[in-house]
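**Student:** What follows is each chain in one-letter form.
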Amino acid sequence: MGTAPETQAGTPAKTTSMSMIQALNSALDVMMARDENVVTFGEDVGYFGGVFRVTAGLQEKYGKTRCFDTPISELGIVGIGLGMGAYGLRPVAEIQFADYVYPAFDQIASEAARLRFRSAGQFWAPITIRMPSGGGIYGGQTHSQSPEALFTHISGIRTVMPSNPYDAKGLLIASIENNDPVIFLEPKRLYNGPFDGHHDRPVVPWSRHELSQVPEGHYTVPLESAAIFRPGNAVTVLTYGTMVWVAECAARETGVDAEVIDLRSIWPLDLDTIVSSVQKTGHCVIVHEATRTSGFGAELAALVQEHCFYHLEAPIERVTGWDTPYPHAQEWAYFPGPARVGAALTRVLEA
Amino acid sequence: MRKQPALQLHVPEPPGRPGGKTDFSYLKTSPAGAIARPPTDVLGANTMETAANLVRVLDDQHQAVGPWAPKLNPKQLRQGLRAMLRTRVFDARMLMAQRQRKLSFYMQCLGEEAMACGQALALQDGDMHFAYYRQQGLLLSRDDVPMWEMMCQLMSNERDPIKGRQLPVLYSYRDAGFFSVSANLATQTIQAVGWAMASAIKGDTRIATTWIGDGSTAENDFHAALTFAHVYRAPIIINVVNNQWAISTFQSIAGGESTTFAQRGVGYGIASLRVDGNDLLAVYAASRWAAERARCNHGPTVIEWISYRASAHSTSDDPSKYRPADDWDHFPLGDPIARLKQHLIQLGEWSDERHETLKKELEEEVLAAQRKAESYGSLLDGRLPSAATIFEDVYETMPPHLHAQRQQMGI
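Chains as they are written, first to last, in this note's numbering: chain A, 6 to 356; chain B, 653 to 1063.
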């Protein structure tokens, strides 16, 4: 379960408008203040505060043994995090880009994920591994990937992706407090504002959106709980991260009465919310930025088929990145924008 | 123009193959007592002498000589001898149990007992050891780890403390400071550095150790471990067991030809020693030196132990296919148990008769432990932890999809 923002007796929690970066920074700040066992580290994370500034000011506030730079070694970053977790700390490791996580894969997949199991509960690794993911910033194939499906295939870890500042802070606190290893994917295109996929329009800052109103203190958004981002009755859209905003825009622009479900926790997930929505709408479109084949959409389609087959009135549609590396110059041809999502919404209703 | 030679790819070969006799002259040794003992705050860069040569204490006449000779009293020496012999007897018995199909698999540490048993004497309760699969001596040196329970792990039976989830010998004993062993090699080294860093972050007094074989030093995790250990001056002992063989692969294929593994530590800026791993006194002395460095914030130590894997890699291996069968008889650093026994006899603190009595006593202990372990089942009788337990400990609390799958299993 999530916990409500901490309040002074009788008064509502004080909120401030924050970007997703500020919200993530606030989550770390709150947790480092509350729990001396919370430490954070990664490449450029210490004095500089991270290339995206998520750890800005933390070294100055909590000292360099609790927020520090690491050598450029992702396996090292995750490996020390695992050892620190086994000691009793709550490490929050930053991988500078999700695209760089692969050297750490053995430490995540074979080690952190299975430590509790293989030791029958003697040891565990309460590590949170943050990493910016997704494209839309002209990052090319080494700064744009969405590797969430790879993590969902591994027993023993949790995979989480927020879509707004409020959830980002609440989910990061819940992840740090959780005793399982958590892969925390941050859609970097949402760091500074919501993004509906219209890359040719001016950037909208978070300050103009109510989801940027973030409580200053401690609260959690529970893991394994999806959010109905936009209620609707005609078609269920299953999505997460940046694509939540793209799907909402596609529904608005096509006029389709779509129910957009933001998974928030990708795995383990909130199956009940998915099933009750699809049983209500009878239609399902799955949207993610990652490549299509064996993407998480395939698992979602299988789950919907298993649990909602007799309620479905049309085949499930998937709108995803193409099965190619993420291109640089052709980024917007790759990105599954509102036009592609809108066409799928219309198609499933015509089927 | 002078004709240039055709390029030749060098693929290292071991110094002996089946049917031949190993030429151990490749193994660079130093006379016992010849290598100076630096102060424990020595800089890594200034340890080339201890990294390139061989720190030895017991000489060929079984005398403890030189600056590294430790101050161990006869009682402590006998304690070390007992731990080594206990480990050897345990191994022999478990090898037999594997042959009888009571275990699926086993790994001995024959000939390598001094390293784990010697270091165990030099460390403190609370320290955490990130070992690999051949450091059973760390557990068998202790009196708070029930031998019968270790055997239950080996037999994957009802009382296996890790519920049948791991191959035999991949023990986990948190309370004994023994981190869960992983079999994918080298991963434990960087984790140990993280544990040591955490201890330093918290201002604790406990230190970490890690163990790795010569072969798996080629893994990236080892290089990350050395880098991070040096960068943060982590309180850790990084043990590299150079037992010459990684299954069928000679240590030259891991990069040991014409250099030492200890010298790698120096390259990373870490104080490093190359030590006779078949001499419990040298093991104890080097371990104490390294532990003192760690406890005094002088940072990590790499210790390359020279030893010889006298047994097969595992019960799935047949070394007669790739190396001379009588190698161990000719290994220049001998058998650690025989050497310590002779040393104690020369001190007038031991005898052949006492040795035989001890061996018999240990054999009885092992046999009794085995009887008790078998009373909880073995692979032969199928008395295993319930299959339903495989859904536990995947996460701290079981998510709905695992509940559903457990129901599908129908147990």
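Quick caveat, the hints were computed from the structure, so don't treat them as lab data. Note that the structure is predicted; figures quoted are calculated from it, not measured. Possibly wrong hints are sitting among the right ones.
To be verified - Straight-line C-alpha distance at most 30 Å; calculated DSSO-like pairs for lysine-lysine: (1) B:1012 / A:66; (2) A:69 / B:854; (3) B:680 / B:723; (4) B:727 / B:973; (5) B:1024 / B:1012; (6) B:1024 / B:680.
As the list claims (entries may be wrong) - Below, a sample of chain A positions facing chain B; criterion: calculated Cβ distance under 10 Å: (7) 78; (8) 142; (9) 216.
What the hints assert, rightly or not - Calculated from the model, a selection of chain B residues having no Cβ within reach of chain A, i.e. all distances over 12 Å: (10) 721; (11) 817; (12) 880; (13) 986; (14) 1051.
Cβ atoms here follow ideal geometry from the backbone N, Cα and C, with glycine treated the same way.
**Student:** Each hint should be assessed against the structure and marked as holding or not.
**Tutor:** Each hint tested on the structure:
Between residue 1012 of chain B and residue 66 of chain A the CA atoms are separated by roughly 63 Å; this puts the pair beyond 30 Å, and the hint is violated. The hinted pair formed by residue 69 of chain A and residue 854 of chain B meets the criterion: a straight-line CA distance of about 13 Å does not exceed 30 Å. Restraint check for residue 680 of chain B and residue 723 of chain B: satisfied, since their Cα atoms lie roughly 27 Å apart, inside the 30 Å limit. Between residue 727 of chain B and residue 973 of chain B, the direct Cα distance comes to roughly 42 Å. Violation of the 30 Å bound is thereby established for this hinted pair.
For the hint linking residue 1024 of chain B to residue 1012 of chain B, the alpha-carbon distance of about 18 Å falls within 30 Å, and the restraint holds. Taking the CA atoms of residue 1024 of chain B and residue 680 of chain B, the gap is near 46 Å; set against the 30 Å cutoff, the hint is violated. Nearest Cβ of chain B to the Cβ of residue 78 of chain A: about 5 Å, under the 10 Å cut. The hint holds. For the restraint placing residue 142 of chain A at the interface with chain B, the shortest Cβ-Cβ distance is roughly 29 Å, beyond the 10 Å limit, so the hint is violated.
Taken as an interface hint, residue 216 of chain A does not check out: its beta carbon lies about 27 Å from the nearest beta carbon of chain B, beyond 10 Å. Chain A leaves residue 721 of chain B outside its interface by the beta-carbon criterion, the shortest separation being 34 Å against a cut-off of 12 Å. The beta carbon of residue 817 of chain B is not kept farther than 12 Å from every beta carbon of chain A, the shortest such distance being approximately 6 Å. For residue 880 of chain B, the shortest C-beta to C-beta distance to chain A comes to about 5 Å, within the 12 Å cut-off, and the non-interface label is violated.
The non-interface label for residue 986 of chain B is consistent with chain A: the shortest C-beta to C-beta separation is roughly 36 Å, beyond 12 Å. Chain A draws residue 1051 of chain B into its interface by the beta-carbon criterion, the shortest separation being 4 Å against a cut-off of 12 Å.
Hint compliance for this structure: hints 1, 4, 6, 8, 9, 11, 12, 14 are not met, and every other hint is.
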